[in-house]
Amino acid sequence: MDTGLDDLLSDEAVNHPAAYYEKLRAEDPVHWNPRWNGWVLTSYADVAAGFRDHQRLSSDRFAGPFGQQLSAVSSDYQALFGFLSKFFVWKDQPYHTRVRALVNRAFTPRSVEVLRPRVRALVAELTGALRGAGETDFLAGFAFTLPVVVIGDYLGVPEEGRQDLRRWAEDLGAVIFVSGNDADRLRKGEEAMEQLAAFLRPVIAARRAEPREDLLSGMVAAQERGDFLSEDEVLANAILMVFAGHETTMNLLANGMVAFAGFPAQWDRLRAGPALAATATEEILRYDGPIRAMARWAREPLRIRDHEIAAGDRVLLAQYAANHDPAQFADPETVDVTRWPNRHTTFGQGIHTCLGAPLARLEAQEAFTALAAAFPRFEVAEETLRYNPNIVSRSLTRLHLTFREA
Amino acid sequence: MPDVVVDHDLCAGVAMCTQAAPGAFALNDEGLSEYQDGPWPAADLAEAADACPMAAITVTKDPKQYGRTEAGSPDRPDPPQK
Numbered sequence: 371m372d373t374g375l376d377d378l379l380s381d382e383a384v385n386h387p388a389a390y391y392e393k394l395r396a397e398d399p400v401h402w403n404p405r406w407n408g409w410v411l412t413s414y415a416d417v418a419a420g421f422r423d424h425q426r427l428s429s430d431r432f433a434g435p436f437g438q439q440l441s442a443v444s445s446d447y448q449a450l451f452g453f454l455s456k457f458f459v460w461k462d463q464p465y466h467t468r469v470r471a472l473v474n475r476a477f478t479p480r481s482v483e484v485l486r487p488r489v490r491a492l493v494a495e496l497t498g499a500l501r502g503a504g505e506t507d508f509l510a511g512f513a514f515t516l517p518v519v520v521i522g523d524y525l526g527v528p529e530e531g532r533q534d535l536r537r538w539a540e541d542l543g544a545v546i547f548v549s550g551n552d553a554d555r556l557r558k559g560e561e562a563m564e565q566l567a568a569f570l571r572p573v574i575a576a577r578r579a580e581p582r583e584d585l586l587s588g589m590v591a592a593q594e595r596g597d598f599l600s601e602d603e604v605l606a607n608a609i610l611m612v613f614a615g616h617e618t619t620m621n622l623l624a625n626g627m628v629a630f631a632g633f634p635a636q637w638d639r640l641r642a643g644p645a646l647a648a649t650a651t652e653e654i655l656r657y658d659g660p661i662r663a664m665a666r667w668a669r670e671p672l673r674i675r676d677h678e679i680a681a682g683d684r685v686l687l688a689q690y691a692a693n694h695d696p697a698q699f700a701d702p703e704t705v706d707v708t709r710w711p712n713r714h715t716t717f718g719q720g721i722h723t724c725l726g727a728p729l730a731r732l733e734a735q736e737a738f739t740a741l742a743a744a745f746p747r748f749e750v751a752e753e754t755l756r757y758n759p760n761i762v763s764r765s766l767t768r769l770h771l772t773f774r775e776a
Numbered sequence: 150m151p152d153v154v155v156d157h158d159l160c161a162g163v164a165m166c167t168q169a170a171p172g173a174f175a176l177n178d179e180g181l182s183e184y185q186d187g188p189w190p191a192a193d194l195a196e197a198a199d200a201c202p203m204a205a206i207t208v209t210k211d212p213k214q215y216g217r218t219e220a221g222s223p224d225r226p227d228p229p230q231k
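Going down the list, the sequences are from chains A and B. So for the first sequence, the working numbering puts the first residue at 371; every next one is plus one. So for the second sequence, the working numbering puts the first residue at 150; every next one is plus one.
These are computed hints drawn from the structure, not numbers from a lab. Note that the structure is a prediction, hence the values are computed from the model and not measured. Backbone N, C-alpha and C fix where the C-beta goes; we use that ideal spot for every residue, glycine too. One or more of the hints may lead you astray.
Simulated restraints, written as ranges between beta carbons of each label pair [as the list claims (entries may be wrong)]: (1) A:P644 to B:N177: 32 to 38 Å; (2) A:G437 to B:D186: 41 to 47 Å; (3) A:W710 to B:D152: 46 to 52 Å; (4) B:D152 to A:R768: 30 to 36 Å; (5) A:R486 to B:D152: 27 to 33 Å.
One chain only, chain A, in its complex shape (with noise of 0.2 Å):
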């Protein structure tokens, strides 16, 4: 069906993406995009349903037609290709299973608990540096901070070149998140590997020779079990969570401040009641998480409502477009931090769910606490928001915010 709306980069889709994800799933939930070379699924039941067919529904990056798309550089860049083909969320089972299985004990609910002290201590450091500052950068002086600090303590990282982690990323995230074969965007990508490698390395080789507590340790542990099968496959998936332990929690919390600050009846009803913390932070990663869609292909050939997905054919699975889906959410443009049950599609379902939940929570939970116990109101600086022109994540190209004490 034509409809009009198949450029997933247009200033709609981007920066609108409510209005233009309700067109879509109104006209066509199941849509082939000839654009973008696959289908667009945009209904809560399908994408939902389409998270939880792992057998089927593939998110090998190496394999498919994500696989031919690569191969034609991969010889060319090898350092990031070597490195992202060892990324556990970009396989399926058994290798995904294996991997996930031995980093999952470390971000278990319980486990992450831990650090909730350690959270509320840098919060409240972060959220003090706010007092009377007038205008201030909210995405380099709290969002890129907090979770930078939280998961680089919680590997290991050393602070110096946490700063660079910034950079390293978003020049990863620039091939991690985009398709197609740019080739600017696959030499910065190749660098920003090279350089986290080269970041890390020497620390994973001293956590063996005198392991600390902490999870680049456990890592290394792991591997001279046997378990992890090599010292690159420790260095991938070390990389792996460095740069999703933080761009995703980044935007998350810029995109949560946006929220509140269009309901600021929700932002007095968080800071008379910080009980609120984990239902306001599902409803914020509902709103506006910080992943807009999610990449699969077919590994056979499937039906979906009265659609033939052939086998090898490219499936998106519209995250925000089933977070705003009427038919599960009351009111889905509305924000209620009392929204419970709150099924949101943010993190995934199925086997892929993100690894780093508990801890995002956790961050998101004690960041929207202290701010909204700290500042009754604030404003954004920006007169018009503009976001980042990409499929999966929904990130602010800025974000300058004014915290007011009364």
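Chain B: place on chain A using the hints.
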């Protein structure tokens, strides 16, 4: 037997429980975890509850009796309250 409850408002079908406690949990047609009648080793059930990234599994009854050995460790965080 311990009572085992899987909260389907929280379960995301990650299936970590099916590895932690083989046989005790299975995904239903919607991809959500369902407890299967046991008996199962209490330690496996405790492990499944701990391994769940969504904190969706609750094992009730006296924890000492059923092999939760991490005495003194903090309770799992409560699920979000309305």
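Next on the checklist: Going through the numbered hints above, which ones does this structure break? Give me the numbers in ascending order.
Outcome noted: The structure conflicts with hints 3, 4, although it agrees with all the remaining ones.
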